[in-house]
Amino acid sequence: MMTCKALLEVGVEELPSTEVKNLTKQLNEQLEILLNNYKLKYESIRTFVGSRRFGVLIDGLLEKQEDFFEEKRGPAKKISFENGEPTRALEGFLRANNATVEDVVVKEIKGIPYVFLKRTVRGKNTEELLPVVFKDLLNSLKFRKPMRWGVDDFSFVRPVKWIVAMLNDKVIEFEAFGKKASNWSKGHRFFFDKVEVNAETYFENLRKALVLADIQDRKARVLNELKRVENELNAKIPVDEELLEEVVSLTEYPTAVVGEFLEKYLELPPEVIIVTIKHHQRTFPVYLKGELSKEFVAFQDGPGDPKGNVKRGYEEVINARLEDAHFYYYKDLSKPLDSYNETLKDILFQRSLGSMYDKTLRIRKLSDAISEKLFSKPEERAQILRTAELSKADLGTRIVYEFPELQGTMGRIYALKSGEPEEVAQGIEEHYKDNVAEIQTLSGAVVGIADRIDTIVGNFFLGNIPSGSKDPYGIRRKFQFVFNIFCNLGWYIDIKDLYRHAAEIYGFDYEKFSDKLETFTQNRYENFLMEKGYSIRIARAVNSWWNLPYNGELVASALKSIVGNAEFNNLLIAYQRVHNISKKHDSTRFDGRLFLKEEEKSLFNEYLKVYDSLKKHIDEHKFDSAIEDLVSLKEPIDKYFDNVFVMDNQPDIRLNRLGFLKALDELFLKIADFSQLLDEGV
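Residue numbers for the sequence shown follow the working numbering, so the first one is 3 and each next one is one higher.
No lab work stands behind these hints, which were simulated from the structure alone. Fair warning: this is a prediction, and the values are worked out from it, not measured in the lab. Beta carbons are placed, not taken as given, at the ideal position from N, Cα and C, and that holds for glycine. Some hints could be false.
Distance windows between CB atoms, simulated [unchecked claim]: (1) Y332 <-> E15: 39 to 45 angstroms; (2) F329 <-> K238: 27 to 33 angstroms; (3) E72 <-> Q283: 57 to 63 angstroms; (4) N567 <-> D138: 50 to 56 angstroms; (5) K43 <-> K585: 53 to 59 angstroms; (6) E247 <-> E72: 40 to 46 angstroms; (7) S559 <-> R353: 40 to 46 angstroms; (8) E622 <-> P380: 45 to 51 angstroms; (9) K172 <-> K43: 15 to 21 angstroms; (10) D644 <-> K562: 30 to 36 angstroms; (11) K291 <-> I349: 39 to 45 angstroms; (12) E232 <-> E424: 32 to 38 angstroms; (13) I111 <-> K172: 41 to 47 angstroms.
With the sequences and hints as input, model every part of the structure.
The structure is reproduced here in structure tokens:
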């Protein structure tokens, strides 16, 4: 059977760069589903998304569906036939499916006989099916902020300007959003108008019209342009992936333009310059001999800038922005960083949770409590408290007001300018960072934890609990940070104590929201462990350690290393007998003097030995040894059940034995919930 190429291109008004990646993914996934649903065989799909167009090119597409077998349920048999003749219900079903009574069989579903249509269906021509496929594809696309336009009830990411739909060089009869498909696309907005295209040579047609439709082609051009400028200037231009994605999403034919800002602005901290030219003007900073230079690389959408208009435009805007930054920076430096804490009284942290000044006071108190629990040295504690005091001060500066993404960074810079110690300055910057690997100071870690615990406790008190995809205050991310810090730095601190202390600082009654907060923390801890590579069973077995997350990870690691080991599996079998018979018993009370059999006395003696040893190993955080303690109980447990009848006829003997086994079960629980490990495939 012959193969062909199919093309769909949708021209739109300026597409937001934030939609490009999302749209590319949707086009691929949805088209695959639709082609499979319509039983259209193909070799490959190539999607393309740009600032003014998006679409798909399907290669190796069979010119018609293959014949296929169809089975379709109709009405129940009892309403399909009357005296052996088809009823109106059956006739309607047959008519709707272009079938005859000969195509019908009867099958039972849950005891009820139904009429089924069973037949071989001849495949339709691909040309006939593509309009339906393309329409379904466009209808399936979801956008963050769709919009409506014109007099009709169209809703889409942006108004649609034109549509191309073709099978090889033939236009497909297709209409969407009030636009009829044709073989006429549009070239570069400033240099070309209409461009005739076909499915075979689409990308070449547009390239000649100064449009690189494929995002990979645009990305390659940007990288080549940056390399060209590097060679011309003998410089280095670091490639920021996020900026690269933005540039290729906003241009159809990106060309580098090298500009310069005034040399006096090099007095500014490099971070201020980079934020100005990179994040606000989407240009790449240039480094000469390892130092930030006054040159920058912008990208225009077009083949060149012979008159220098684009270059001058960028220079004017960037110089104006840097002039503002220059003024604000030196204005901020006119007084020490700690003086800006007063301005925090006028900056709201969160409704019902006070100002940023209030938050700073709370962070200081909680940081002090954490440093005490860490047994910090006096000089470390002093640095932690000073870091906490200055942690939010830069929010009151003009630079951070104008460039919010510099919070923390400017705190570090201004702290050093104010004569604060390096540890304090670095801690101010680090406490904002979510990537734990970037935190090098104790003060940054402690203040970062205090900041996040304060936010978590405050929001749970207010009932702002994340649900589904909704997490407006980034609470889940804050839990991730807390667990990472505790585990990476090996902190043996009880998170529940910090919750209580934070609530006390707020003046909240912790008991009113403790259940919800602790349950949520436990669930997040379980997810955290799974993200670190532990199985769901191990994560559930140790999630009771949520309040001591480092201990919990040590237990998880110890279990992971022994799970599957024959000796450990035998222990699980023995434990299962203990757990199953005692799980409905709610008391651990027993009297060793009532034990009658040697095997129960022997197990009791082993229990006492292991109890003391287990406590010692837990206190020393030696969880491998603690698990070995439990393994030693395997043999006496087996002998116990082989020789002792737990459910004795005498109530006092029976209850005593159940109480002992419940106590033994809870001994295992001091390490983990071993019942979660009983199923196969841990």
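Hint by hint, here is what the structure shows:
One distance hint, 39 to 45 angstroms for the beta-carbon pair Y332 and E15, holds here, with the actual separation near 42 angstroms. At about 30 angstroms, the beta-carbon gap between F329 and K238 stays in the expected band of 27 to 33 angstroms. Judged by the Cβ atoms, the range 57 to 63 angstroms given for E72 and Q283 holds: they are separated by roughly 59 angstroms. Separated by about 53 angstroms at the C-beta atoms, N567 and D138 satisfy the suggested range of 50 to 56 angstroms.
The given range of 53 to 59 angstroms is respected by K43 and K585, whose C-beta atoms sit roughly 56 angstroms from each other. For E247 paired with E72, a C-beta distance near 45 angstroms keeps the hint of 40 to 46 angstroms intact. A beta carbon spacing of about 42 angstroms between S559 and R353 agrees with the range 40 to 46 angstroms that was offered as a hint. Taken as a hint, the range 45 to 51 angstroms is violated for the pair E622 and P380, whose Cβ atoms sit roughly 27 angstroms apart.
Restraint check, K172 to K43: a C-beta distance of roughly 20 angstroms satisfies the suggested window 15 to 21 angstroms. Against the hinted window of 30 to 36 angstroms, the Cβ-Cβ separation of D644 and K562 comes to about 31 angstroms, which satisfies the hint. At about 41 angstroms, the beta-carbon gap between K291 and I349 stays in the expected band of 39 to 45 angstroms. At roughly 34 angstroms, the beta-carbon separation of E232 and E424 lies within the given 32 to 38 angstroms, and the hint holds.
Between I111 and K172 the CB atoms are about 45 angstroms apart, so this pair conforms to the stated range of 41 to 47 angstroms.
Consistency note: the structure conflicts with earlier hint 8 alone.
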